[in-house]
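Spelled out from the first residue to the last, the chains are:
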Amino acid sequence: MNTTFSYERYHRQLILKDFGETAQQKLLNAAVLIIGAGGLGCPVMQYLAAAGVGRMGIVDNDIVSLSNLHRQVLYNTNDIGHPKAQQAANVLKKLNPEIDIVSFFERLSTQNAFSLINGFDIVIDCTDNFASRYLINDACVLMNKPLIFGAVSRYEGQVAIFNYKSSAGSIAVNYRDLYPHPPKNGEIQNCEEAGVLGVLPGIIGTMQASETIKLITGIGRPLINCLLTYDALNNNMYEMELVKARDSDSLIPANEIEFMQTDYEQLCGSVQNEDENKFEIDFAYFEQLVSGNTIDIIDVRALNEVPLIEEFPCYRIPLNELAINMHLLKNDTIVTICQSGQRSLLAAKQLTAFFGDSKKIYSLWGGVSQWKQLHQKQLS
Amino acid sequence: MKVNIIVFGQLRDILGDQLELDEVLDIDEVKNQLHEKYPEMIESNYLVALNKKLVTGNMMLNDNSTVAILSAFSGG
Chain S
0 MNTTFSYERY HRQLILKDFG ETAQQKLLNA AVLIIGAGGL GCPVMQYLAA AGVGRMGIVD
60 NDIVSLSNLH RQVLYNTNDI GHPKAQQAAN VLKKLNPEID IVSFFERLST QNAFSLINGF
120 DIVIDCTDNF ASRYLINDAC VLMNKPLIFG AVSRYEGQVA IFNYKSSAGS IAVNYRDLYP
180 HPPKNGEIQN CEEAGVLGVL PGIIGTMQAS ETIKLITGIG RPLINCLLTY DALNNNMYEM
240 ELVKARDSDS LIPANEIEFM QTDYEQLCGS VQNEDENKFE IDFAYFEQLV SGNTIDIIDV
300 RALNEVPLIE EFPCYRIPLN ELAINMHLLK NDTIVTICQS GQRSLLAAKQ LTAFFGDSKK
360 IYSLWGGVSQ WKQLHQKQLS
Chain F
0 MKVNIIVFGQ LRDILGDQLE LDEVLDIDEV KNQLHEKYPE MIESNYLVAL NKKLVTGNMM
60 LNDNSTVAIL SAFSGG
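These protein sequence lines map, in sequence, to chains S and F. At the far end of the first sequence sits residue 379, using numbering that gives the first Met the number 0, and the numbering has no gaps. At the far end of the second sequence sits residue 75, using numbering that gives the first Met the number 0, and the numbering has no gaps.
Only chain S is shown next, with the shape it has when bound in the complex (with noise of 0.2 Å):
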């Protein structure tokens, strides 16, 4: 880690009373993880980047898409197809190439939680789902790690600081105590259900930038335990006290064994049954997978649809006759592949209803059209 800045780069900071070196040497000694590089993480991550905080971690594992680029600032119509965090962390490099910036290219899940934000002091929360949040929430409870909360939908958003005690024997609040509960499926539609003005994660964002910096440099009043609703419509800003509620920490798993075993996607409804989940397996796993170079996989596609699949070598047999042709398959482990992995979860779950435990199987979440799109930028 550095232990010199440029004062030349921080100057408009630096003269800032309250500020001065001592702040920024703070925000040099600082580390804190961005879980989500979208709408929220975008200007999250630029902001404390270019405020000098010293050590920057980046979890996501979505590629930049055409309809991320009205509020995705830090991406340009060239990245799409790329992975969200390694873009990010090129633009922020080039930015500040004065602090570290480290990213992960992965789905946070009960897993990896724990190893993600251990080398960080603060966890942001810049996610878009309910079972991301409520499994950031708890893992920051358990870890005792402070939260910065912000959420968008349509014209409005929410920040907030959570589970940060100001002094020994204060409260501190999180997320479970607004809402002990996750809503149930359907309930609540996410921005790409009920949109979201573009500007709007980028105020909100900015917000939970600004409120990182006063939290780590210890200037102003942040909102710990406090939050903040901002209506872009009629610019009414709303902010309430949040005090504990009776019962709330007995819904957070005891420890990170229990942790660990606590199914965040099937709390919050986001699929329909919790057998999906051990199928899904992400872009970076499946080439680990494609590498090890012992596994069969079958392209479930209709016979006429493309692109072909050239990268690797694979069974083409359509979903219709996967039953009559499961003899083909010898090797332990199985990645089924469709178009967008819809039609392959299906095909996983009859692989296993025929071959129980004895292989492996999983279904490439995203499907053949996103795989093809970064793995043809990986390459350029």
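Treat the hints as calculated values from the structure; they're not laboratory data. Built from N, CA and C at the ideal position, the CB exists for glycine as well. Just so you know, not all the hints are guaranteed correct.
Computed list of lysine-lysine pairs in BS3-like fashion (alpha-carbon distance at most 27 Å, straight line) [as the list claims (entries may be wrong)]:
1) S:LYS183 <-> S:LYS93
2) F:LYS30 <-> S:LYS183
3) S:LYS183 <-> F:LYS52
A short, non-exhaustive set of chain S residues, derived as facing chain F with CB atoms under 10 Å [what the hints assert, rightly or not]:
4) LEU39
5) SER131
6) GLY355
Just a sample of chain F residues kept apart from chain S, beta carbon distances all over 10 Å, derived [as the list claims (entries may be wrong)]:
7) GLY15
8) GLU22
9) LYS30
10) LYS36
11) PRO38
Chain S is fixed; fit chain F onto it per the hints.
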């Protein structure tokens, strides 16, 4: 007594931006009246604040109290 209610998040689709209720004494009565009038919000995930402070149980209202109802949302 009369209470002003302001609404945030997707419950605005059901309740509008703000509304008033008469003859309510505490937060439980506010919720009950709203649930009766708008049954579709019963299943909804929301928090209640009274005069800018989170309510985790029940609370008595004062004249001209402002109650806020905030839907959970998760977009990013």
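Structure-based check of all given hints:
1. Between LYS183 (chain S) and LYS93 (chain S) the alpha-carbon distance is near 42 Å, which puts this suggested pair outside the 27 Å criterion.
2. For a cut-off of 27 Å, the pair hint linking LYS30 (chain F) to LYS183 (chain S) stands: about 19 Å separates their Cα positions.
3. For the proposed pair LYS183 (chain S) and LYS52 (chain F), the alpha carbon gap of about 25 Å is at most 27 Å, so the pair holds.
4. Of the supplied interface hints, the one on LEU39 (chain S) holds, with its beta-carbon coming within about 4 Å of a beta-carbon of chain F, less than 10 Å.
5. This hint holds: SER131 (chain S) has a C-beta 8 Å from the nearest C-beta of chain F, less than the 10 Å allowed.
6. Interface hint at GLY355 (chain S): violated, since its Cβ lies 37 Å from the closest Cβ of chain F, which is beyond the 10 Å cut-off.
7. For GLY15 (chain F), the requirement that its beta carbon stay farther than 10 Å from each beta carbon of chain S is met, with the minimum near 13 Å.
8. Its beta-carbon lying about 25 Å from the closest one in chain S, GLU22 (chain F) satisfies the requirement of being farther than 10 Å from that chain.
9. With a least CB separation of 15 Å from chain S, LYS30 (chain F) remains clear of the 10 Å interface cut-off, as annotated.
10. Every CB of chain S lies more than 10 Å from the CB of LYS36 (chain F), the least distance being 19 Å, so the non-interface label holds.
11. Against the 10 Å criterion, PRO38 (chain F) stays outside the reach of chain S, whose nearest CB is about 14 Å from its own CB.
Violated hints, listed in ascending order, are 1, 6; each of the other numbered hints is respected by the structure.
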